[in-house]
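Build out the structure end to end from the sequences listed, making use of the hints.
Going down the list, the protein sequences come from chains A, B, C and D.
Residue 17 in full-length UniProt numbering sits at position 17 of the first sequence; the count goes up by one each step and never skips.
Residue 153 in full-length UniProt numbering sits at position 153 of the second sequence; the count goes up by one each step and never skips.
Residue 270 in full-length UniProt numbering sits at position 270 of the third sequence; the count goes up by one each step and never skips.
Residue 254 in full-length UniProt numbering sits at position 254 of the fourth sequence; the count goes up by one each step and never skips.
One or more of the hints may lead you astray.
Below, a list of computed lysine-lysine pairs in the DSBU-like style, where the Cα atoms sit at most 30 Å apart [what the hints assert, rightly or not]:
{"id": "1", "chain 1": "C", "residue 1": "Lys71", "chain 2": "C", "residue 2": "Lys102"}
{"id": "2", "chain 1": "B", "residue 1": "Lys245", "chain 2": "D", "residue 2": "Lys71"}
{"id": "3", "chain 1": "B", "residue 1": "Lys71", "chain 2": "D", "residue 2": "Lys71"}
{"id": "4", "chain 1": "A", "residue 1": "Lys199", "chain 2": "B", "residue 2": "Lys245"}
{"id": "5", "chain 1": "A", "residue 1": "Lys102", "chain 2": "C", "residue 2": "Lys102"}
{"id": "6", "chain 1": "C", "residue 1": "Lys199", "chain 2": "D", "residue 2": "Lys102"}
{"id": "7", "chain 1": "C", "residue 1": "Lys71", "chain 2": "A", "residue 2": "Lys71"}
Where chain D lies over chain C, by a calculated footprint (3+ residues, C-beta under 8 Å) [said to hold, decoys possible]:
{"id": "8", "segment": "89–97"}
{"id": "9", "segment": "151–160"}
{"id": "10", "segment": "163–169"}
{"id": "11", "segment": "177–186"}
{"id": "12", "segment": "246–256"}
{"id": "13", "segment": "263–272"}
The hints are simulated quantities; they were obtained by calculation from the structure and are not laboratory data.
Ideal Cβ placement from N, Cα and C applies to all residues, glycine included.
There are 4 protein chains.
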Amino acid sequence: MKIGFVGLGNMGAPMARNLLNAGHVLHVFDVSASAVQALVEAGAQAAVSPKAASAEAECVITMLPAAAHVKSVLTGDDGILAGIARGVAIVDSSTIDPASVKAFAALAQQQGNAFLDAPVSGGTGGAAAGTLTFMVGGSVEAYERVKPVLSAMGGNIVHCGDTGTGQVAKICNNLVLGITMAGVAEGMALGEALGIDPKVLAGIMNTSTGRCWSSDTYNPFPGVIDAAPSSRGYTGGFGTDLMLKDLGLATDAAKLVRQPVFLGALAQQLYQAMSTNGAGKLDFSSVIRLYRRDDAAT
Amino acid sequence: MKIGFVGLGNMGAPMARNLLNAGHVLHVFDVSASAVQALVEAGAQAAVSPKAASAEAECVITMLPAAAHVKSVLTGDDGILAGIARGVAIVDSSTIDPASVKAFAALAQQQGNAFLDAPVSGGTGGAAAGTLTFMVGGSVEAYERVKPVLSAMGGNIVHCGDTGTGQVAKICNNLVLGITMAGVAEGMALGEALGIDPKVLAGIMNTSTGRCWSSDTYNPFPGVIDAAPSSRGYTGGFGTDLMLKDLGLATDAAKLVRQPVFLGALAQQLYQAMSTNGAGKLDFSSVIRLYRRDDAAT
Amino acid sequence: MKIGFVGLGNMGAPMARNLLNAGHVLHVFDVSASAVQALVEAGAQAAVSPKAASAEAECVITMLPAAAHVKSVLTGDDGILAGIARGVAIVDSSTIDPASVKAFAALAQQQGNAFLDAPVSGGTGGAAAGTLTFMVGGSVEAYERVKPVLSAMGGNIVHCGDTGTGQVAKICNNLVLGITMAGVAEGMALGEALGIDPKVLAGIMNTSTGRCWSSDTYNPFPGVIDAAPSSRGYTGGFGTDLMLKDLGLATDAAKLVRQPVFLGALAQQLYQAMSTNGAGKLDFSSVIRLYRRDDAAT
Amino acid sequence: MKIGFVGLGNMGAPMARNLLNAGHVLHVFDVSASAVQALVEAGAQAAVSPKAASAEAECVITMLPAAAHVKSVLTGDDGILAGIARGVAIVDSSTIDPASVKAFAALAQQQGNAFLDAPVSGGTGGAAAGTLTFMVGGSVEAYERVKPVLSAMGGNIVHCGDTGTGQVAKICNNLVLGITMAGVAEGMALGEALGIDPKVLAGIMNTSTGRCWSSDTYNPFPGVIDAAPSSRGYTGGFGTDLMLKDLGLATDAAKLVRQPVFLGALAQQLYQAMSTNGAGKLDFSSVIRLYRRDDAAT
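Here it is as C-alpha cells:
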C-alpha cells in the first residue's frame, strides 16, 4: 500500500521502518532532513512537505510531539489536507488532547477523509520491535480499514470507540500510571524507613492487593527489578517530562469536562517538582527520590 | 498442639475453626460470650480470661481490633503474660502499629516469650477458606516454630524480617492499595466523563501500564467486574472505615520516622470524606462516588 | 477624552458608566445589543464593532471573559487593531494568562500601539463604586498616560512592572486567596466538629497568626460575619466557577514556567468538586460545605 | 499569690520570670537543674518534684513539650495531683491534644481541682515581653479565678469555652497558619518565576484579598519584610518541626472526630519534606524553599 508518513522522531522512525519491512511504499516527511535521509536509505521516498507525502497515499500516518504540530501538518498550506485524495484515512498516533482530535476529525470529514486517533503504548522498544499497542478512536468501518496497516507496527490494535476515545484511553491509563508509580514510591520508601527489606516488601505487594505494573514490572526502588530503569540510575525508560506532559493532558481534559482529579493533580505536582529539580530526562520512576532520605549510594 | 486463642470476631472466629479442623486443642477467650459459645460448640474449650486461655498453651494467638486491645489482653492482671509458660510463642495477627509491636515484644521477651507480629491479608473469605496470607515479623527460629500452626489458617506464610516487619509489610501494601484504588477510581470516572466505555477502558488498563489489582480484580466501576463489590452496590468487601484505619496506621508510622507520604495523606482524606458522608461501612472502592456525577443508577 | 470601550458585562458596564460620569466621551461595543443600549441611555455612543469603537479613540479599554475573546476583539477583521490610530494605548482589564498578554502586546506594538494588561480586583461592587484596584503591566510611560483614565474607575492604580505583570499579580493573589479560603474553611469546620463556638474561633484567628482576608472579612462560616456571602446562603459575591477559572490560570501559568503549586492544584480540585456538585454559581466560600457534616440549617 | 510552676524551658522560664516580677511567690520544678537554678537566682524557690511545687500552691501552672509529659507530671507518684490542695486550679499552657485535656481534667475534677487548658501564642518573644495570648478552656468561674495570674504573663486572655476549647482554638489557628504560609510561599514563588518583583507582589496581596499574616507580617520571601525570619536566613522564629507538631495535633484531632482536612494533611507533608531534608530547626516560612529554583543566593 502507498502510505504517507509524517514525523520521524524516536517513535516515528522505527514505526516507519516496520511499514517498509512489511512491504509498503512510503513517502515520508520530517522537519529534520537527516531523519528523512535515514528512512530514504531504508527504502522510503522523500517528500518535500506533508502535502507531497499525502498526494498519492492510500493511508496517511502522523506521529508528532503535540497538538500544535498536528494542526500545522494537517491544515497548513503545504499540509496533508491540501494534498490528500478524497476517502483516504488519516491516522494520528501522536498523544494529544481529545478535544483537538475532534476538531481535526471535523476538518478532515468536511473534505471526505476519515481521521482516526491512534496513540500508542510500548515506548521506543515496542516501536522498534513492532509490538506497540494502538488505542484507536473512530468509526468501526475506518478502524477495520486501517487495522492491517497498524498491525505492521503493533501487536495489539484496540478499537476504543468513537473519535477521540483512543486518546481518552491513553490519557486515563497514564493518569492511573502516574498515580500508582508515585504511590508505590511512597510505599517502598516508607517500608525502607521502617526497616523492611525492599525486595521482601515488593515480593509481598506483588502477590497481594498492592500489586501493580509500577510494582511488579517497573519497581522504582533500585535493585528490586534488574531490568527496570531504577536499577540503572533511572536512565532510559519513560522520562519524567513525558509523564508530566501526559498528566497535563489528563488534568486539562478533566478541567474541560469539569471532573475532579485530586490525586492526579497532586501527582502532577510531584513530577513537576522532580523536573524543576533537574530530573526531567530521568525515568519517571525516579519520583521515589522525593521520598528517600539518602539516595547518594543508589 | 494446645493453643490459646483470644479474639473471636469476624476474622478470629473462622481462623480458630480452621485450627480446630486441623486437630489442635483450643482454649478460647472473647469479651462476647456468644462468640465463645459458638466456638465451644465447634469443639473448643472456653476460657474465663486471656490468662486462663494461655495457661497450658504451647502457642497463643491473638486477633484484635487495635493496639489498645492487644495491650490490655497481653499485660492486664488477667492477661496472657500473667498466665503463659516460659518459652511459649505469642502470635498477634491484629493489624497494629509497628512501634506497639516492638514494645509488646520487649515485654514478652523479658519473661522469655517470643512475640511475633503476623497480620493477615485475604479478608473474611480467606479466613474461612484457610487461605490467608500471613506477614510475619520475628526471629527466624520463632517463625519456623509457629509456621506449622499458621499454615492451618493460611496458604501463604511469609517471613518479613525482624519484629514489626510483618506490620510494616501490611501497612505499606495497604498504603499502596488505598492510593491505587482511588487512582483507578479517578481514571475510570474521568474516562466515563470523556465518553469511553468503562469496560473498554478497564480492558486497556489491564493489559497496559495502569494495570493493578484495583483495576483488574476489584475495579471500582459498577459492572466492569461481576464479582467485585462495585457490581453489588459496594456491599461486602473491605469497608471504607477499615481502609481508613490502615491509612491512619501508615501515616502515623510515617510521622514517627519523619517520612513524607503526599499521596497517602491525601487518599486518607478522600476516604475520610466518604466515611463522613455515611459510606464507612461500604466497600472502600465506593470512593469512586466522590468522582462520579450521577451514581443514582448504580 | 474620547474612549473606545469593548465589553459591557457585569464588570464592564459599571466601569463604563464611571467613565461617562467623569466626563469622557465613550464609543461602546458589546455583542449584546441591550447592553449597548443601556450605556447609550447613559450617554455613550453605540459602535457597530470594536473597530468602529476604536476609530477616533484616544484610549481603548476592553473587559472580556477570556483570552479567546480578547484575541478576537483585537485581531478580527472588525477588530480594534484594524481601526485604532497609531500611538493610542489599549488597556485590557480582562483576567487572562500572561503569555497571551505578551502575544497581544507584540501585535499592538507592531503597529505602534501600547497594550497594557490591567486586571482588577474589587468585584461588581467596586466596579459600581469606582473603587476598583487596577494591577497594571506595561512601560512606565504608557502607565502614566492611562492612569488618569483608570482613576475614574478605581481607587488604587498600581504599576506592577512590564507587560504581563498585572496579570501575574492578579493570578498570584487569587491563587493565595483560593488556598486561604479553603484553609479557613478547613479550620472553621474542624473547630465546629471539636466543639468550639465559631465566632469565638474566628475572633481568635483574626487577632492571631491565622488572620487573613478569608477569615476576618469574608469568613466562610455562616453567621460569623453578617456582611459576608456565607451569612446569606452564599449568594452574591465571587462565584466558585470564577475562582475555578482563576486557579486554572494560575496552575496553567505554573505549568508553563515549570513551577510546582501543590496546594493550589489541590485547592483547584476542591472548588472543582463543589462546581461539579452544582455550586458553581454560589460564592466560592461555600467550599466549606465540603467539610461540614450538616449544613442543611444554613 | 503562691504559685507552683512546672516546666522551665524556652517558653516556661520567661513566663515564670514575669510571675516573679508581678510579685508572686513561685515554687518551680524542671528536670533540668540548671533551669531551676536560673529561676532561683531570679527569686523563685526550688522544688524537688511537681508534687513539692504544688504542695502549698494557690495555683499551679505547667508548660511542657507534649501530652506524655503533662500526664507524667500530673499523675506520677511525685506528681501534682499527689501534692495539690483541694480546690486549687491547675493551668496547663502546653500545646497538646484536646482529648488528653479532657482526660486530665476528669482526673483533676475527681479530687476537686479545676484543670484549665491555656495554650499560648506569641512565641518566646511574647513570653519574655509578657504579651502572650492565652486561649483558655474551662468553666467561666475557673477562668475568672486564674485570669489575674495569666495577665501577668500575657496581654490577651481569651475564654474559648469549656475544657479543651483552648487547645481547639490554638490547633485550628495553627492549621490555618500552616496552610496560609505554604500558600503564600506558593504564590510568591510563582510570581518570582513569572517575573514580577516580589516586593510589588507582596504589596498588592497585602492590600487585596490574598492578605494574611503570612504575607503582611511574616512574608516567606527574603527581603520583603526586614523583620521576618526570611530576611535573616530563616533563623529564629517558629521552627518547621514545631509547625509539624501542631499540624500533627490538628490532623490527629480531625481523625478522631472524623473530619476531612485536605489542605492541612498536604501542608503537613510539605513541612515534613522540609524537615526530612534538614530544615526542621529553620523557621517554618522556609517552606518556600520547596518552590524556589535557586535559593543559594538568599
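Cross-check of the supplied hints:
1. Proximity of Lys71 (chain C) to Lys102 (chain C) is assessed by CA-CA distance (about 12 Å); at most 30 Å being required, the pair is judged to hold.
2. Restraint check for Lys245 (chain B) and Lys71 (chain D): satisfied, since their Cα atoms lie roughly 26 Å apart, inside the 30 Å limit.
3. The suggested pairing of Lys71 (chain B) with Lys71 (chain D) holds, with an alpha-carbon distance near 19 Å, which does not exceed 30 Å.
4. With a C-alpha separation of about 26 Å, the suggested pairing of Lys199 (chain A) with Lys245 (chain B) holds against the 30 Å cut-off.
5. The hinted pair formed by Lys102 (chain A) and Lys102 (chain C) meets the criterion: a straight-line CA distance of about 29 Å does not exceed 30 Å.
6. This hinted pair checks out: Lys199 (chain C) and Lys102 (chain D) have alpha carbons roughly 22 Å apart, not beyond 30 Å.
7. About 19 Å separates the Cα atoms of Lys71 (chain C) and Lys71 (chain A), which keeps this hinted pair within 30 Å; it holds.
8. Counting residues of the segment 89–97 of chain C whose CB falls under 8 Å from any CB of chain D gives 0; the rule of at least 3 is not met.
9. With a cut-off of 8 Å between beta carbons, the segment 151–160 of chain C has 3 residues touching chain D; three or more are needed, and the interface restraint holds.
10. By the rule of at least three residues with a Cβ nearer than 8 Å to a Cβ of chain D, the coverage given for the segment 163–169 of chain C holds, with 4 such residues.
11. Check result for the segment 177–186 of chain C against chain D: holds, 7 residues qualifying (beta carbon to beta carbon below 8 Å, three or more required).
12. Counting residues of the segment 246–256 of chain C whose CB falls under 8 Å from any CB of chain D gives 3; the rule of at least 3 is met.
13. Given a C-beta distance limit of less than 8 Å, the hint that chain D covers the segment 263–272 of chain C holds, as 5 residues qualify and 3 suffice.
When held up to the earlier numbered hints, the structure conflicts with hint 8 and nothing else.
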